[in-house]
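Use the sequences and the hints to build the structure in full.
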Amino acid sequence: MVHLLKPLPALTALLLITAMAGGAPAQERRDIPALTVHGEPAQAGDAAGIADFIDDYRAAWGMQDTETLMALHTADTEWINAYARIFQGREPLGEFLETRLFPGFDASVSQGEADNMTVISTRHIGNDGAVVHLYTDSDRGAAANPGEPLRRVHFHLVLERAGAGWQIAHTVIMDART
197 MVHLLKPLPA
207 LTALLLITAM
217 AGGAPAQERR
227 DIPALTVHGE
237 PAQAGDAAGI
247 ADFIDDYRAA
257 WGMQDTETLM
267 ALHTADTEWI
277 NAYARIFQGR
287 EPLGEFLETR
297 LFPGFDASVS
307 QGEADNMTVI
317 STRHIGNDGA
327 VVHLYTDSDR
337 GAAANPGEPL
347 RRVHFHLVLE
357 RAGAGWQIAH
367 TVIMDART
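If you use our numbering, the sequence shown corresponds to residues 197 to 374, in order.
Heads up, some of the hints might be wrong.
So the derived label-pair ranges between C-beta atoms look like this [unchecked claim]:
no., residue 1, residue 2, range
1, 267, 374, 35 to 45 Å
2, 243, 343, 34 to 44 Å
3, 291, 342, 32 to 42 Å
For the record, the hints were derived by calculation from the structure and aren't laboratory data.
Cβ atoms here follow ideal geometry from the backbone N, Cα and C, with glycine treated the same way.
Here is the structure:
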């Protein structure tokens, strides 16, 4: 029995080295993976429809157009910003954007964020849902890491089918900070 136990440390080390050599390595906060699409669109026009929806979202964000942004959200939307502030419902979210977030920064900040918004992944879920992960680099707020000129911000938009189009049912915003 003693002879069987002696190779275990070497075998364990070999397994650990093998596991670390393959697979997906952890990414650093500012590393951005290549675009991925998960699942299949339920309908022929879904991929193009989601891409058009994201273009509309970018345009409305860049213009600080709260009315259009709210039309892109469900009435019962839930929105969580990078500081864990939660807004439930289109009206409270619209009021926050209109009276606090957008007035707090020059319009060029929102436009710069919109110009830099890049989709990282889309995940099609069932017949009526999708999650879109995008990011942007921004100078909104003082959350940039030391030595980095811009704040990297990730958005997860949970979309649900709304008639022939899409609306945002849930948003989570995250910062890439040290």
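Verification of the hints:
no.: 1; hint: 267 <-> 374: 35 to 45 Å; in the structure: 37 Å, holds
no.: 2; hint: 243 <-> 343: 34 to 44 Å; in the structure: 38 Å, holds
no.: 3; hint: 291 <-> 342: 32 to 42 Å; in the structure: 34 Å, holds
Consistency with the previously given hints is maintained throughout, with no hint failing.
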